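Undergrad: Sequence:
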Amino acid sequence: MLSQEKIARINELAKRAKTTGLTASEREEQKELRNEYLMKFRSSFKSQLENVKVIDPLGNDVTPTKK
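In this text, residue positions in the sequence shown follow this note's numbering: the first is 801, and each later residue adds one.
Please note that a few of the clues may not be correct.
Derived EDC-like pairs: lysine to aspartate or glutamate, alpha-carbon spacing no greater than 16 Å straight-line [what the hints assert, rightly or not]:
#, residue 1, residue 2
1, K806, E829
2, K818, E836
3, K831, E812
4, K815, E826
5, K806, E836
6, K831, E850
7, K806, E828
8, K866, E850
9, K806, E826
Quick list of the computed label-pair ranges, beta carbon to beta carbon [unchecked claim]:
#, residue 1, residue 2, range
10, V854, K806, 28 to 36 Å
11, R842, K815, 20 to 28 Å
12, S825, V852, 40 to 48 Å
13, K840, P864, 19 to 27 Å
14, S847, I807, 38 to 46 Å
15, V862, E828, 41 to 49 Å
16, K806, K866, 25 to 33 Å
17, S844, A817, 20 to 28 Å
Please keep in mind that the hints were generated in silico from the structure rather than gathered at the bench.
Keep in mind that this is a model prediction, so the values were computed, not measured.
Using N, Cα and C, we set each Cβ at its ideal position, and we do this for glycine too.
Turn these sequences into a full structure, and let the hints guide you.
TA: The following block contains the structure:
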């Protein structure tokens, strides 16, 4: 996942955007940080889904084959 410093910076920029507004460079930084966060989140979520097993009520593994 993302480092705690980057997450804190994302939150700080979000708060400032709601209160005082952001400069152009801060908006660009916010956009880049959000994109990085989303990429890592999607990658982690995809990996988690790929490792899920589906078991039917009879206890048989009915996991679809991976592409």
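Undergrad: Hints first: check each against the structure and report whether it holds.
TA: So, going through the hints one by one against the coordinates:
As the CA atoms of K806 and E829 are separated by approximately 11 Å, the hinted pair is consistent with the 16 Å bound. The straight-line distance between the Cα atoms of K818 and E836 is roughly 21 Å, outside the 16 Å bound, and the hint therefore fails. Of the pairs offered as hints, the one joining K831 and E812 holds, with about 13 Å between alpha carbons and a cut-off of 16 Å not exceeded. The suggested pairing of K815 with E826 holds, with an alpha-carbon distance near 12 Å, which does not exceed 16 Å.
A threshold of 16 Å between alpha carbons decides the hint, and for K806 with E836 the separation of about 10 Å falls inside it, so the pair holds. Between K831 and E850 the CA atoms are separated by roughly 28 Å; this puts the pair beyond 16 Å, and the hint is violated. About 14 Å separates the Cα atoms of K806 and E828, which keeps this hinted pair within 16 Å; it holds. Distance restraint check for K866 and E850: the Cα-Cα separation of roughly 8 Å lies within the 16 Å cut-off, and the hinted pair is therefore satisfied.
The suggested pairing of K806 with E826 holds, with an alpha-carbon distance near 13 Å, which does not exceed 16 Å. About 35 Å separates the C-beta atoms of V854 and K806, a value consistent with the hinted range of 28 to 36 Å. The supplied range of 20 to 28 Å is met by R842 and K815, whose beta-carbon atoms lie about 25 Å from each other. At about 41 Å, the CB distance of S825 to V852 agrees with the hint of 40 to 48 Å.
Distance hint for K840 and P864: a CB-CB separation of about 26 Å, consistent with the stated range 19 to 27 Å. A C-beta distance of roughly 20 Å is found between S847 and I807, which places it outside the suggested range of 38 to 46 Å. Separation of V862 from E828 is about 47 Å and conforms to the stated range, judged on CB atoms against 41 to 49 Å. At about 32 Å, the CB distance of K806 to K866 agrees with the hint of 25 to 33 Å.
Under the hint 20 to 28 Å, the C-beta atoms of S844 and A817, about 26 Å apart, fit the expected range.
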